[in-house]
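Novice: This is what each chain is made of:
2 protein chains.
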Amino acid sequence: MISVEEALRIISEESKALECEEKDILSCLNKALAEDIYSRDNLPPFDKSAMDGYAIKSEDTDLYEDGVSIELEIVDLIKAGEFSDKELKNGQAMKIMTGAPVPKGANAVIQIEKVEVREDTLYISEKVKNGCNVIKLGEEIKVGDIALRKGTLIRPTEIGVLASLGYSKIKVHRDPVVAILTTGDELVDINETPKFGQIRNSNEYSLKALIQNLGLEALCLGIVEDKKDTLKSKVKEALEKSDIVITSGGASVGDFDFVEQVLNEINADIKFQSVAIKPGKPISFAVIDKKLFFSLPGNPLSAITTFEEFVKPACEKMLGKNMESDNTFPVILAEDFKEKEGRSKYIYVKIKAENGKLYAYKAGSQSSNQLITMSKANGIIIMPAGIGYKKAGEVLSGKFIFK
Amino acid sequence: MISVEEALRIISEESKALECEEKDILSCLNKALAEDIYSRDNLPPFDKSAMDGYAIKSEDTDLYEDGVSIELEIVDLIKAGEFSDKELKNGQAMKIMTGAPVPKGANAVIQIEKVEVREDTLYISEKVKNGCNVIKLGEEIKVGDIALRKGTLIRPTEIGVLASLGYSKIKVHRDPVVAILTTGDELVDINETPKFGQIRNSNEYSLKALIQNLGLEALCLGIVEDKKDTLKSKVKEALEKSDIVITSGGASVGDFDFVEQVLNEINADIKFQSVAIKPGKPISFAVIDKKLFFSLPGNPLSAITTFEEFVKPACEKMLGKNMESDNTFPVILAEDFKEKEGRSKYIYVKIKAENGKLYAYKAGSQSSNQLITMSKANGIIIMPAGIGYKKAGEVLSGKFIFK
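Protein chains in written order, with the working numbering: chain A, 45 to 447; chain B, 45 to 447.
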């Protein structure tokens with residue numbers, strides 16, 4: 045049995061970013077950039093007005109005194125998308141719209157709300173600073189500057205940056221294909237009526253949803269009966285068709301022998317067979333020809349927890365994302381929490397913000413079959429290995445789930 | 045100008061959940077349930093073994109003394125998916141796999157790792173408690189119990205709950221269609237080369253990405269030229285084809301007159317025209333025949349911020365989700381932050397966890413055209429209206445962005 049940290053280190057080491065492909069930027073949302081993006085332009089590409097107002101020479105307002113407005117002659121109107129070919133001279137102003145280029149000779153824009161206009165004359169009753177309301181050419185980014193680095197997560201902001209720089213296609217890493225095999229002779233499809241001793245195959249659906257949440261497509265190879273040869277041929281098929289193979293169930297003591305035998309027969313490199321995490325101890329991880337194999341526990345809560353903690357980081361690494369070292373934050377316990385000592389306990393809780401602080405409340409039984417508890421939870425708190433008890437008011441690391 | 049809270053209250057009041065439709069559970073991921081879900085079964089449907097081991101009568105181990113193992117006769121093997129029709133008697137044990145039904149007469153399961161077996165005899169060297177490793181019939185949920193309430197967000201967990209209860213289809217609210225109009229004669233498509241005075245239409249792409257992030261589809265009606273009649277006919281088209289219409293740009297002082305005229309001519313009920321938020325003040329909101337109309341500011345940072353703060357909650361309400369009252373948490377300032385007093389300032393920052401606490405670091409210029417700053421940020425901190433300065437070490441409310 046190894047620690048959660050050691051398991052994550054091994055998984056990270058074995059997960060490599062997949063080949064690159066070029067795609068439309070909107071198809072790359074929530075993936076990671078596979079190339080550095082340099083600016084092809086200055087942004088803004090000209091001195092730009094930040095406001096609807098009047099372009100002026102700021103020095104024309106230097107002589108303003110209380111009660112005596114400065115008068116300027118309005119000589120042109122510059123709409124957004126247009127420009128003036130005149131040069132502004134002392135004593136002149138040009139009406140200008142937000143986003144339009146500030147004309148030659150002008151160095152400031154005074155907002156429309158702050159002036160008075162009568163016919164072609166502008167009245168200003170304040171001193172205006174040089175540069176006021178002017179966004180300078182290249183202020184945001186200059187030609188040749190790096191805009192976004194390889195590995196950057198492409199969020200709506202980055203889509204905006206790429207669009208503003210004229211990138212309609214970019215390079216990202218190909219999506220990993222994740223194959224799901226569920227094992228267990230007790231399982232029937234959710235549309236069937238279980239006979240005595242049988243239960244519905246809910247894990248296939250939660251795992252599909254987890255994969256869908258990562259923006260990936262799942263390849264479901266169905267329920268595999270508990271026979272070694274059947275499992276072996278299904279595992280081989282899965283490895284051919286995918287980058288990551290997940291089996292759910294078949295990972296408890298008696299059963300894992302089965303998976304282990306299959307893995308040995310196909311010369312897999314088994315990296316670990318259990319992790320000090322609760323729920324989820326019987327998770328195993330193997331590598332076969334650069335493909336990753338995870339055998340997840342069959343209990344619903346354990347399957348979801350180990351997917352989120354171990355499979356998700358592997359998918360993200362294959363997508364070229366940097367594995368976040370720490371995404372937890374402090375949570376104050378609103379109640380006493382008691383757990384068995386030993387493994388790191390991932391306790392499903394309700395995290396609520398109250399008076400600017402985050403508190404953890406119990407969500408129900410932490411038994412690893414209790415999906416109902418998890419459906420009442422929005423987060424987890426982590427009780428470290430070796431610690432079994434924390435009192436209300438004490439602090440543990442926590443995080444929100446499915447975020 | 046109204047406060048952020050008042051704006052959200054008005055939007056919430058005007059946003060109603062859309063009609064219901066029945067869909068496959070996996071198509072409902074990240075939507076909200078439009079019906080209460082009751083359990084059709086007991087879960088588990090029988091007393092179930094939580095471990096691979098041996099089903100026994102616990103009282104048979106009461107006589108265990110140090111050094112003298114209890115011996116039981118192994119009379120059957122119960123695999124997962126099967127059951128034994130024999131009744132267990134004193135002095136007997138049955139081998140049982142995880143998930144299999146505990147046989148009649150047995151009240152405990154001892155794990156395989158804790159026993160010794162020689163031929164058909166089981167040797168136990170400890171006292172086993174009644175109920176040990178047995179998950180009782182209906183322990184998770186009973187027939188007729190409510191499993192998930194209307195309005196519940198359907199996450200992978202809820203997909204698992206629904207699958208385990210045999211629900212393959214459920215009712216959710218129809219997705220709102222969100223139409224995007226971008227206005228501004230300075231805009232060109234991202235594949236064109238801007239002439240002097242022009243910039244690329246990046247907002248259409250960031251807005252599409254924001255809508256895509258909500259799992260919705262955007263209806264893009266393109267760049268609308270700054271002419272009232274053109275805008276009016278496009279707005280009418282958008283209102284016919286969608287539930288929410290967004291315009292981006294055209295919302296500064298001079299321009300909004302334009303949008304306002306169009307809204308008045310089509311008898312829209314204009315609810316507000318500016319909000320005390322920075323970036324994003326010139327956001328307006330109107331209602332036309334139960335359809336929602338948002339005029340977002342044209343500056344990239346303002347457009348994204350106002351979408352996330354105001355349009356997203358409206359979409360979520362239409363999807364039947366409960367608008368979260370508060371999703372912020374305390375963040376410690378790692379540096380001094382200085383802003384103009386007045387509006388609520390949403391400052392884009394890097395939030396980092398250090399020693400179990402969350403700290404906010406500056407990400408760059410907060411000028412509302414600076415998408416590059418936002419692309420360095422993973423969160424915001426909110427400097428309340430009327431406050432302009434907070435020192436390093438002080439605490440503000442913050443949240444992660446795009447989560």
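Calculated from the structure, these hints are not laboratory results.
A hint or two may mislead.
The list treats identical chains as interchangeable, and a pair is accepted whether it falls inside one copy or across any two copies.
Stated by the list, open to error - Here are the computed lysine to aspartate or glutamate pairs in the EDC-like style, where the Cα-Cα straight-line distance is at most 16 Å:
id: 1; residue 1: K60; residue 2: E261
id: 2; residue 1: K213; residue 2: D233
id: 3; residue 1: K401; residue 2: E438
id: 4; residue 1: K173; residue 2: D106
Novice: Each hint should be assessed against the structure and marked as holding or not.
Specialist: Verification of the hints:
Taking CA atoms no more than 16 Å apart as the test, K60 paired with E261 passes in neither setting, with 19 Å inside one copy and 32 Å between copies. For the identical chains of this complex, K213 and D233 are inter-copy neighbours only, at 14 Å across copies versus 41 Å inside a copy, given an alpha-carbon limit of 16 Å. Proximity of K401 to E438 under the C-alpha cut-off of 16 Å is found in both arrangements, the shortest distances being 13 Å within a copy and 14 Å between copies. Taking identical chains as interchangeable, the C-alpha atoms of K173 and D106 lie at most 16 Å apart only when both belong to the same chain, with a minimum of 9 Å there against 91 Å between chains.
The structure is inconsistent with hint 1 alone, although it conforms to all the rest.
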